[in-house]
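Undergrad: Chain order of the listed sequences is A and B.
Residue numbering for the first sequence follows the numbering used here, beginning at 82 and increasing consecutively.
Residue numbering for the second sequence follows the numbering used here, beginning at 52 and increasing consecutively.
Hints in this document: simulated from the structure, not taken from any laboratory.
Being a predicted model, the structure only gives us computed values, none of them experimental.
Even glycine gets a Cβ: it sits at the ideal position worked out from N, Cα and C.
Hints may contain errors.
The calculated lysine-lysine pairs, modelled on DSS-like cross-linking and capped at a C-alpha distance of 30 Å, are [as the list claims (entries may be wrong)]:
| # | chain 1 | residue 1 | chain 2 | residue 2 |
| --- | --- | --- | --- | --- |
| 1 | B | Lys-263 | A | Lys-184 |
| 2 | A | Lys-184 | B | Lys-78 |
| 3 | A | Lys-160 | A | Lys-219 |
| 4 | B | Lys-281 | B | Lys-263 |
| 5 | B | Lys-78 | A | Lys-270 |
| 6 | A | Lys-184 | B | Lys-71 |
| 7 | A | Lys-270 | B | Lys-82 |
| 8 | B | Lys-82 | A | Lys-184 |
| 9 | B | Lys-285 | B | Lys-263 |
| 10 | B | Lys-71 | A | Lys-270 |
Derived coverage of chain A by chain B (criterion: at least 3 residues anywhere in the stretch with Cβ under 8 Å from a Cβ of chain B; other residues may be distant) [claimed, not checked]:
| # | stretch |
| --- | --- |
| 11 | 111–117 |
| 12 | 136–148 |
| 13 | 172–179 |
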Amino acid sequence: MAELLLTRGRRSFDVRYLPGFTPLAAFCLVALYLPLILVIFFSFNAERSITVFSHFGLNWYEEAAQNTFVQNATWLSLKLAFFATLVATTCATMAGLATTRRKPFPGQSVVYGVINQPLMIPEIVTAVALLAFFGAIKQATNVYGFGYLLLAHIVFCIPFAYMPIRARLQDMDLTMEQAAADLYASPWKVFRRVTLPMMIPGIIAGAMLSFVISFDDVIISMLVAGPGETTLPVWMIGQLRRGLTPQINAVSTVLLVITFFVVWMVFVMTTRKR
Amino acid sequence: MAEIGQSPLRASTPIGIGAKAAIAAEKRELKTRWLLVSPAMVIIGLAGVLPLSIILFYSFMSPGPYAGVSFEPTLRAWVFLILEEDLFEETLGLNYAHISIFSRSIGLALGTTVLTLIVGFPTAYFIATRPLRQRNFWLFMISLPFWSNLLVRTFAIMMFIREQGFVNHVLLYLGVIDKPLSIMFTPTAVWIGLVYAYLPLMVMPLYASMEKLDFRLIEAAYDLYASRWKVLQKVIIPLVKPGIVAGSILVFIPSIGAYVTPKLLGGGKSLMLGNLISNQFGTSRDWPLGSALALFLMAMVMIALIVYVRNESGKSAHG
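Okay, chain B solo, but in the shape it has when bound (with noise of 0.2 Å):
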């Protein structure tokens, strides 16, 4: 009621007509509203959020003979999740494949939050202290690699790490190393190819709070006599600590999700989360369990972003 002749809807409709017929055209500003979402609700809805409680179904269910699932309710992928049945005695034990897969997709993706964090910090710096005009520039610079097709960008790691690559090149014509490194297909590999492809997703929040430092704050730290370490541990740090956060969250989620850097990089023996499910889809055929390990790796994601979502709510109570 408040904001009566604000919307083009109703302003055709003659003001002080009476208290009916706003409530009349309230409702039905209400119903074209729902309406013009309906098609975006209707598409996500069938085909985002149906399928998911598909594969929580699924997670209960015993695999079937080929593939697909059989319909007998059982913990079995859920138990499988960690255990794994010792094919001689019929004792559970703890499946170490899987315990090494995970602690893999977590280190790599802590691993990668903090690299980035370390090359992205003093890059969205840089950026924040340039001239006003300048800036959109270097940010752009930052988001253009980010848009470019993720396979284009993990085969331009590929050639720059593997044993005949630029890597090698330099540092063997430089003398630093009498044998080329072989990179490819290790962790480190990985790791390397998911700083390089979410590097951009650090530096534009840590950007965002960067931009708003106020230097005065900075210059009193200087007056009185701290360090430049102190400034930055004690100033820089705690003001831009919501970038900190978002920054490490987004770098985070895609990290821990995975499939085509690793799948890449990797090799057979660097396996991620991502590629343990697509391949519980695949060659081995067992739907309830990779249905089960998508939802462990939904829930990872969820905590993450509950964490963030704390983080901002947080800074607005402060703010």
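Bound conformation, chain A alone (with noise of 0.2 Å):
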């Protein structure tokens, strides 16, 4: 940042100079990050106090990791988003190998246009819609259980797994395909050995991404959890309005920094060169 910010002194005439635009983006860059850093310094505070650090401690972890309703909201979060993310990930990539790298179909706009459909809609509206429609399917069929939260995530998952894989797809030509074909393999033989292989890194980015939307959502869950599905964000949003105290601290930077972890091995997959 100090070099960046001694560019004023340059006495040469530089096009793309701006008065004051590189302080602001410096503030923009501490504002984002200075939030998070505090939540995460006073995470390992051994006093009681958000405000003023005493010394170091990790008792704030113990006590979250000892927390019984932790533990259970952290299970079904980690069970929720795994099962989303498994039929959504599967879902994306069938429609990724579908509506990339040939002439689009005859309504295939269409199909776009509902892929996308949970993206466009306020995440409140989808949270109420399914609210009211999963409490008349309830009622008609008395069959309550796990499913219908499995159904809300898989659906907000699709829209997130489906693009990179769809942007690595566009980026494959056929050329490997048309040569293993060539040589006699099979339809599947090519998709097994030469497609499936070529697109993983795609793959693996939609199924972070989607673990990621799946694990962090709160409106949704929130509305439509049936009794006793309290999940970690859930459970992170009741306690937020009681009270603060440093054992969020403690969860929210176990949050971040798997956050930080799988965003940043989704950037070196997606930008790694080919």
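Make the complex out of the two chains shown on their own, each in a separate frame, by following the hints.
TA: Structure (structure tokens):
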């Protein structure tokens, strides 16, 4: 940053320079990260205060890890994110194969519209619509359970899984597959041995994004969840409305570290030179 | 037909076997492709599109005694969107509570769009003027917080701006203020929270159009004695306008439908549309009104999206 701030001192006329822009950019980055850094910092505070740092301690992590609410909520969130990712990524991979690399088929724009639908509707609208819809089904069939929440998560995970898979497929030409087919590989073999290995980075990136999106979801989980189905973010929002304790800092820090790691992996995988 | 031999499915059929076989292969391929998209289509159709038609239906029904709806068709929910019944005189009057929530939601969403643009524009410009190899890194730094949990980010802002928070500590220490600012549970707090949450959504599309900026045009403007301000106003801003529109729409849409941020930072007096909707399905137990409000919000988002799509298609028509 120091070097960047010094551009002001340059003697030659720089056509790219605009006064005040670099300080504003620096302010923007600091403002984005400083609150998050403070959350992490105070999670290591030994005392109960989230204002004054007394001395280093890991007791809030211990307390959070031993909290049965946190344990159950984490387990439910992991289970939900895992299955939602599995189904959403499979659907997105299949849809990606059908909607890229060849002449668009009649009705393909409708398919795009439907796949991206969950991104265009405000989450609160989807959440109340699902609440009403699932309520009607529950009343009619008397079937309850984990399936509703899972289905809701799969829906909004599909577009997130689809984006990187589609981007990856659009970058792959068909020459490899043609070569394999010329060498008498069956269509299934071509897919298993050529197409699938080549699209793996896109699939992994899509799966990671949908995992993060499912694991972080608050609004839909809060409104759709049945009794006893408290995911980690739903537990957190309840705590935040009650009062702030460093236990939330500890849980937040763990979530931040996991998310940053996953996003970094996706970033590496999608920007790597091919 | 033009791309025969391009598809792995079709390449296995010998080329030149005759038009009939080619047509059959084409049909088979079409069927396979529809089969491949069907799981995604069925799932989203069932749990994404169908529920919206349910709330459309519910919005024309009467509220049920405890919750849910009773199936007596009425326009009540749509009337009560902006009107309310006077309990004593049984006349209809404007529902000022709703109107103030609508105007607060629109105001906060517009305010968020403007402030993210003011902060995001220089940031995107800064990234776009870095050497090519550094740009991905800066872009990554901007988008990283966006992927982290919205609750964690809202919590971070809560800790930052509350009365015993970081901002007040620093300002008191510097002597700028002599008693702590109470920002929490005001529309200002929601505004700050929304800007913090959605700033990356402004920077990314802005960067995408600034990356393509032709600096020779800027140089030409300086050669013709334009001032810095004139260059920004007459050259840079018109050239990156598609990015400005895209970023504004991307920020406006989640801001107007925000739920978590106003709930945690706004308190009871700074509710937004999202909170009003969820209250109808919760404590107020007026599902038809909640459905009508949800569709009203959706309509506003759709208008914003149509503006965006028009802008996109206009761009390709000129370029």
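Undergrad: Going back to the hint list, which numbers does this structure go against?
TA: Hint 12 contradicted; others consistent.
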